[in-house]
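Visitor: Produce the complete structure using the sequences and hints provided.
Respectively, the protein sequence lines represent chains A and B. According to the working numbering, the first sequence is numbered sequentially starting from 0. According to the working numbering, the second sequence is numbered sequentially starting from 1230.
Treat the hints with care, since some could be wrong.
[To be verified] Covered by chain A, per the in silico footprint, the following chain B stretches (three or more residues, Cβ under 8 Å):
#, stretch
1, 1269–1280
2, 1285–1294
3, 1311–1322
4, 1340–1353
5, 1364–1375
6, 1384–1394
[To be verified] Simulated crosslink set (PhoX-like; lysine-lysine; CA at most 20 Å straight-line):
#, chain 1, residue 1, chain 2, residue 2
7, B, LYS1394, A, LYS151
8, B, LYS1402, A, LYS151
9, A, LYS1, B, LYS1402
In short, the hints are calculated from the structure, not lab data. Every residue, glycine too, gets a C-beta built ideally from N, C-alpha and C.
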Amino acid sequence: MKTDDLVALLSTNLEPVDRNAVVRTLYVAIAAGSIVAFGVAVVGLGFRADLMTARALMFLAIKLAFAIGIVGLALLYLTRLARPGGERKISPALLVALPFLVVAVLAAISLGSAPQSHWERMIVGDEWLECLLSIPIIAIVPFAVSIWAVRKGAPTNLSRAGAFAGLIAGGVSAMAYALHCTDDSLPFIAVWYGGTIVLCTLAGAALGPRLLRW
Amino acid sequence: MTTLEFELKALMLASLDGNAASYRSLLDQLSRRLRAYYKTKFAALGRGTSEAEDLVQEAVLAIHIKRHTYDPGEPLTPWVHAIARYKLIDFLRRNRVSLTELPIDEVEEVMAHDDNADAECTYDIRRLMQRLPQGMQCSIQAVKLDGLSVAEAARRCGLSESGVKVNIHRGLKALTALIARETRT
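Guide: Given below as structure tokens:
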């Protein structure tokens, strides 16, 4: 078949397309992934017992703000990365790093104003291992649906698109895990929340080229 | 912005709304630009240009299947270039060509030259199509080759109307995958 014949074939009975399909698919996928993540966290781990106390709510708000900030910014970039050439006009490292930076600074201030003998407890907390395992595990479903949604588009930088899918999945998972987590200190959030989300990002970057090829 | 970009973008916007004549004109012009682009690239890599036509068809199919990813707020040229280059790299990787020899190119290169020497590619799309499942084959044949309406095709193929549309979309995707396998040397 000559290329002219192929062109004729493709343009015969052309269907109009939905111009918002890429963005909408991503939003729906992240919403669905979030619902599953919250479900897994609540059913698998349960709410923290002291959820309704003022201190618990304050730290829940901090954790959520951190995670939502990451998810929101990352989603903005992912909607671009899901399109061909979308990687050309973004310098993502800067803006997406902002939530991490803010939490790191707050953590440093919080450590600085506490006696050194408290530092280890503030950083390691009670449940660092649970946090280290839970966030990546809860992130699996949000990651899978994000990848599915990006595949509906046409990413041309696969590791970067994979990294942002991982970053979003990690952020969504951290939001869900925060409902259960009783470790209330900024250094803990910076190290274990931040660290596991970065871990999800790296996993996404590594898996992207394999999962997103089209 | 160049006149070519302006003209092609207008055709693309009309195509997204379902204007077949605009789309045909768009793909026709893009395929000529892509042919020149791929021939230049293959020549630079020291490969023959006979494979260029394979890539032109692959890229045209990709543009078709992924046309919903074009953001109307953006210029068309970078979008076409990104797809063209992605398909080139994919092709080279498939054929184990070192990518270090592939120079970084400017977005405008994809539209730089016009080459209307249409040719057969090394595989036969019609033959490849016979390997598709019955529903996809029948839907593509009816709507895309025989020019029947979706409703008529649904009757002929024994599918629902949405089934025909899904089968065409999946069939063209499957065809792209078959071509990719076919052009691996």
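Visitor: Can you name, in rising order, the numbers of the hints this structure does not satisfy?
Guide: Failing hints, ascending: 1, 6.
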